[in-house]
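**Student:** Chains as they are written, first to last, in this note's numbering: chain A, 1 to 206; chain B, 1 to 206.
Careful, some of the hints might be misleading.
Pairs involving identical chains hold if they fit within one copy or between any two copies, as the list cannot separate such chains.
[Unchecked claim] Calculated pairs, DSS-like style, for lysine-lysine (alpha carbon to alpha carbon, straight line, at most 30 angstroms):
no.: 1; residue 1: K45; residue 2: K148
no.: 2; residue 1: K49; residue 2: K148
no.: 3; residue 1: K45; residue 2: K130
no.: 4; residue 1: K78; residue 2: K128
no.: 5; residue 1: K49; residue 2: K179
no.: 6; residue 1: K128; residue 2: K49
no.: 7; residue 1: K148; residue 2: K40
no.: 8; residue 1: K78; residue 2: K45
no.: 9; residue 1: K128; residue 2: K40
no.: 10; residue 1: K179; residue 2: K45
Calculated directly from the structure, the hints in this document are not laboratory data.
Protein chains: 2
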Amino acid sequence: MLTLFYAANTCSLASHITLEESGAAFETMRLSFAENDQRKPEYLKINPKSRVPALVTDQGILTETPAILVFIAQMFPKANLIPANDPFRFAQIQSFNSYLCATVHVAHAHRMRGYRWSDDQPAMETMKKKVPQNVGECFDLIEREYFKGPWVMGEAYTICDPYLFTIASWLEADGVDPKRFPKVLDHRTRMAQRPAVKKILARETA
Amino acid sequence: MLTLFYAANTCSLASHITLEESGAAFETMRLSFAENDQRKPEYLKINPKSRVPALVTDQGILTETPAILVFIAQMFPKANLIPANDPFRFAQIQSFNSYLCATVHVAHAHRMRGYRWSDDQPAMETMKKKVPQNVGECFDLIEREYFKGPWVMGEAYTICDPYLFTIASWLEADGVDPKRFPKVLDHRTRMAQRPAVKKILARETA
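Throw the hints in and build the complete structure from the sequences for me.
**Tutor:** Written out as structure tokens, the structure reads:
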């Protein structure tokens with residue numbers, strides 16, 4: 001059995017959607033960031049990093065979105081969420097997701113979580129101010145260079161799609177007008193219509 | 001043919017070492033960050049993100065360390081740099097490398113590259129000040145929770161090892177005493193003795 005620890009309005013949405021799309025049987029445990037569940041001793045046993053997502057499997061616990069997405073895709077190959085036996089195309093998927101994780105998500109995080117990198121309140125305000133520029137530049141690059149269409153990697157829906165959808169859903173709150181990125185915006189609209197996405201969003205916002 | 005674009009004293013060292021360990025035939029192109037090579041039009045055609053590493057392959061160009069390391073491991077399976085047909089162990093490797101990329105490297109980057117996240121010089125100074133704490137906490141976690149020994153993932157040398165070695169080599173400059181992490185420090189010492197590592201370090205520092 002798989003159990004996903006998630007919190008609403010976080011990057012764990014990508015893993016949550018991917019589990020649903022994969023056809024896996026899974027359970028969920030919901031954390032409330034408002035209640036600081038992620039810092040409680042019970043959760044630190046699951047994920048000592050105090051973050052979501054964490055995926056509890058029969059073999060152990062996994063963290064980090066790019067790793068979890070590939071694990072789900074490899075465990076449930078019938079869902080065709082990654083190409084089989086094609087190291088280059090797989091690497092392109094990994095590269096895209098790594099960019100989302102280490103650059104785009106990090107750019108976004110400087111709006112609400114500047115305290116991670118500075119103890120100074122005025123400094124955090126200056127970080128917050130730069131978020132629209134940084135997140136906007138990341139999405140410019142995605143729109144121009146990396147989004148193949150109709151899905152991120154072209155004709156095939158892959159584990160890049162729910163991850164892009166998750167981070168693109170933060171654009172307005174990050175102070176970036178999604179209309180600047182017609183392909184990403186259209187992708188977001190089509191993603192939101194997928195049955196798996198509708199189901200998981202309904203669960204996360206319930 | 002494979003061509004690695006790298007710069008000395010950067011995370012591209014992990015890909016450089018891994019290419020050497022894999023037995024691949026490859027060429028290198030060295031960028032000078034002091035000369036801002038990474039922002040020149042010729043290089044932006046290779047990597048529009050203005051970063052290293054970039055790996056030029058016969059099928060196209062790859063960026064992002066975690067993606068490049070897995071690609072090399074999959075293209076040269078005889079080097080045994082990742083486990084074959086074991087999604088969970090592979091996911092543990094991916095999780096470790098994703099943490100290095102998106103959390104540890106990012107914590108480090110706030111020392112020299114605070115301008116990425118703020119336009120304000122005093123704010124950058126406050127970020128710089130917090131780097132020893134943040135990088136130190138990351139390595140505490142690695143030492144306590146994730147390093148299995150003798151290599152990162154246990155008995156088998158994997159693509160986690162050159163990546164950890166690369167980032168651990170920045171500890172002193174980040175203001176963190178590596179003696180706090182005996183396992184990581186011993187690993188760093190043993191890594192530095194591997195013929196492939198000696199060869200690549202000699203090339204990068206030449």
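**Student:** Evaluate each hint against the coordinates.
**Tutor:** Hint check:
1. K45 - K148: between (40 angstroms within a copy, 17 angstroms between copies)
2. K49 - K148: between (34 angstroms within a copy, 17 angstroms between copies)
3. K45 - K130: Classified as between: cross-chain Cα gap 26 angstroms, same-chain 35 angstroms, threshold 30 angstroms.
4. K78 - K128: Answer is neither; intra-copy 42 angstroms and inter-copy 47 angstroms both fail.
5. K49 - K179: between (35 angstroms within a copy, 22 angstroms between copies)
6. K128 - K49: both (23 angstroms within a copy, 22 angstroms between copies)
7. K148 - K40: between (42 angstroms within a copy, 25 angstroms between copies)
8. K78 - K45: Classified as neither; 32 angstroms inside a copy, 37 angstroms across copies.
9. K128 - K40: Both, since 27 angstroms and 29 angstroms are each at most 30 angstroms.
10. K179 - K45: between (42 angstroms within a copy, 26 angstroms between copies)
Consistency note: the structure conflicts with the earlier hints numbered 4 and 8.
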